[in-house]
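Chains A and B supply the protein sequences, listed in that same order. Going by my numbering, the first sequence opens with residue 228, and the numbers climb by one from there. Going by my numbering, the second sequence opens with residue 422, and the numbers climb by one from there.
Don't take every hint at face value.
Listed below are the simulated EDC-like cross-link pairs for lysine to aspartate or glutamate, each with C-alpha atoms no more than 16 Å apart in a straight line [claimed, not checked]:
no. : chain 1 : residue 1 : chain 2 : residue 2
1   : A       : K434      : A       : D420
2   : A       : K281      : B       : D460
3   : A       : K284      : B       : E458
4   : B       : K522      : A       : E441
5   : B       : K541      : B       : D457
6   : B       : K536      : B       : E520
Keep in mind the hints are simulated off the structure, nothing from the lab. Keep in mind that this is a model prediction, so the values were computed, not measured.
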Amino acid sequence: MLRIRFLSVKCREEAVMNAIPTIRDYSLIGRDAQAAVANGLTAAEWYHTDVPRKQMKDLMKRSDGPAIRDTIIWLGCMALFAGLGIALWGNWWSVPFFLAYGVLYGSAADSRWHECGHGTAFKTRWMNDAVYQIASFMMMRNPVTWRWSHARHHTDTIIVGRDPEIAVMRPPDLLRLVLNFFGLLDAWHAVGDMLRNACGNVSAEEKTFIPKQEQHRVVRIARIWVAIYAATIALAVAMGSILPLMLIGLPRLYGAWHHVLTGLLQHGGLADNVTDHRLNSRTVYMNPVSRFIYWNMNYHVEHHMFPMVPYHALPKLHEAIKHDLPAPNPSIFHGYREMIPAFIRQLRNEDYFLKRELPPTAKPYREEFHSDAIAQAAE
Amino acid sequence: MPSLRQRNSPIGIAVQQNGRKEMSNWIEACAANDIDEEDVIRFDHDGRTFAIYRSPDDEYFATDGLCTHEHVHLADGLVMDEIIECPKHNGRFDYKTGEAKGAPVCVNLRTYPVKVEAGKVFIGIE
Ligand code: FES
Numbered sequence: 228m229l230r231i232r233f234l235s236v237k238c239r240e241e242a243v244m245n246a247i248p249t250i251r252d253y254s255l256i257g258r259d260a261q262a263a264v265a266n267g268l269t270a271a272e273w274y275h276t277d278v279p280r281k282q283m284k285d286l287m288k289r290s291d292g293p294a295i296r297d298t299i300i301w302l303g304c305m306a307l308f309a310g311l312g313i314a315l316w317g318n319w320w321s322v323p324f325f326l327a328y329g330v331l332y333g334s335a336a337d338s339r340w341h342e343c344g345h346g347t348a349f350k351t352r353w354m355n356d357a358v359y360q361i362a363s364f365m366m367m368r369n370p371v372t373w374r375w376s377h378a379r380h381h382t383d384t385i386i387v388g389r390d391p392e393i394a395v396m397r398p399p400d401l402l403r404l405v406l407n408f409f410g411l412l413d414a415w416h417a418v419g420d421m422l423r424n425a426c427g428n429v430s431a432e433e434k435t436f437i438p439k440q441e442q443h444r445v446v447r448i449a450r451i452w453v454a455i456y457a458a459t460i461a462l463a464v465a466m467g468s469i470l471p472l473m474l475i476g477l478p479r480l481y482g483a484w485h486h487v488l489t490g491l492l493q494h495g496g497l498a499d500n501v502t503d504h505r506l507n508s509r510t511v512y513m514n515p516v517s518r519f520i521y522w523n524m525n526y527h528v529e530h531h532m533f534p535m536v537p538y539h540a541l542p543k544l545h546e547a548i549k550h551d552l553p554a555p556n557p558s559i560f561h562g563y564r565e566m567i568p569a570f571i572r573q574l575r576n577e578d579y580f581l582k583r584e585l586p587p588t589a590k591p592y593r594e595e596f597h598s599d600a601i602a603q604a605a606e
Numbered sequence: 422m423p424s425l426r427q428r429n430s431p432i433g434i435a436v437q438q439n440g441r442k443e444m445s446n447w448i449e450a451c452a453a454n455d456i457d458e459e460d461v462i463r464f465d466h467d468g469r470t471f472a473i474y475r476s477p478d479d480e481y482f483a484t485d486g487l488c489t490h491e492h493v494h495l496a497d498g499l500v501m502d503e504i505i506e507c508p509k510h511n512g513r514f515d516y517k518t519g520e521a522k523g524a525p526v527c528v529n530l531r532t533y534p535v536k537v538e539a540g541k542v543f544i545g546i547e
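Modelling step: build the complete structure from the supplied sequences, incorporating the hints.
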């Protein structure tokens with residue numbers, strides 16, 4: 228692969244298409260995990276745009292106001308839609324209310340899980356923790372396991388064999404992606420993991436990123452959740468109605484589509500095994516409703532480069548550093564128009580990826596990767 | 422980014438800490454007003470890296486400069502009251518005691534005595 232990086236863009240694309248693809252091993256205890264360590268890709272020094280300390284302190288500043296407002300809107304709308312859905316249960320008019328409730332449960336909870344996991348959404352710690360627990364439950368993500376897996380995702384973003392949160396592995400499993408728009412595979416695996424953890428079993432892979440002293444908490448939370456789901460199922464059986472499950476559990480399936488729609492854009496089709504978030508992450512401009520559901524994670528390069536900046540300050544951070552970043556995708560549609568063809572090409576050659584062009588105002592990450600003048604001179 | 426300072430002016434003296442006598446080298450780290458209130462700077466000395474804090478009530482503290490979770494400089498993080506939050510995974514420490522306040526940091530930070538004299542901040546390194 229190193230040789231390919233010194234070719235011009237066109238030659239490089241041809242070379243990539245004709246080269247024998249590198250089979251990736253995404254296991255956290257497999258061949259590529261060892262290779263990543265050997266190649267110095269783990270816990271590496273990642274590129275950061277220079278931001279003056281004073282400005283960065285302003286951007287990092289915590290406050291409770293925006294997240295309290297958004298949480299009241301989020302949970303208030305959920306209560307309203309659930310109430311209307313229940314009132315109209317048995318009537319087709321309940322469908323739109325459940326669809327809206329589902330998105331707030333199975334998608335908005337994803338971004339709340341994420342932000343509160345970082346501890347940046349609220350200034351007050353217990354508020355972060357409370358929303359983190361609620362959102363983790365809705366998303367069926369063990370809050371202990373996923374806190375640690377997400378830390379690894381930030382340390383080794385899209386490093387094969389190290390990052391446990393690579394949503395689209397190469398070659399892409401397109402069927403899996405489609406099924407996950409309805410949460411099918413994710414929820415299936417999540418239920419399996421929950422039952423396994425509840426039996427006291429923490430897997431070898433989980434042990435690679437969860438410290439020993441935290442592992443008993445994984446088991447305890449899994450047991451509490453099993454009890455909640457068992458009570459919900461028992462209530463549904465007693466009522467002879469699926470309604471309790473429409474409120475707890477099933478929205479993880481029928482409301483998942485929005486978090487998958489936005490989440491695939493985070494890194495899909497971009498480079499792997501690089502230590503510059505400008506090359507492996509994507510910033511996409513989105514409509515305000517999606518940004519509310521997604522809590523501004525559409526500014527994904529910015530978030531990865533500076534995870535200390537709360538979601539509500541990401542638009543300001545974007546303005547401050549955009550001169551150093553690739554041009555953002557102007558819409559979700561635009562993002563998919565570049566990403567889907569890349570997935571299809573990766574089916575034939577898993578080394579193919581979308582190479583991000585940095586603007587002339589940006590600092591280069593690695594010359595051989597970005598400067599075509601140098602690449603051509605090297606030919 | 423915080424300014425990186427390197428000075429070499431060790432003064433070997435005994436300091437009283439926790440009722441015990443210990444030998445410390447007082448190393449001049451920076452001028453007191455080099456650090457904003459409720460902020461932190463990095464200080465490198467003799468191959469080691471430290472973080473020096475100024476609390477909201479205008480007291481000075483020092484800890485090891487690297488997070489105990491991964492190799493990340495705490496001086497790029499955020500000081501909130503007595504907490505330093507690591508810039509990488511938002512791990513939190515009490516910089517006055519070094520106590521790790523929860524996942525993903527589990528190991529306490531080492532702290533060092535600090536004194537301010539004639540507008541200069543000195544840290545005690547054994
Ligand atoms: S490196 Fe400091 S919390 Fe992870």
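Evaluation of the provided hints:
At most 16 Å may separate the alpha-carbon atoms for a hinted pair to count; A:K434 and A:D420 meet this at roughly 13 Å. At roughly 10 Å between alpha-carbon atoms, A:K281 and B:D460 fall within 16 Å of each other, so this suggested pair holds. Pair hint A:K284 plus B:E458 holds up; C-alpha atoms about 12 Å apart against a cutoff of 16 Å. With a C-alpha separation of about 14 Å, the suggested pairing of B:K522 with A:E441 holds against the 16 Å cut-off.
A threshold of 16 Å between alpha carbons decides the hint, and for B:K541 with B:D457 the separation of about 14 Å falls inside it, so the pair holds. A threshold of 16 Å between alpha carbons decides the hint, and for B:K536 with B:E520 the separation of about 21 Å lies outside it, so the pair is violated.
The structure is inconsistent with hint 6 alone, although it conforms to all the rest.
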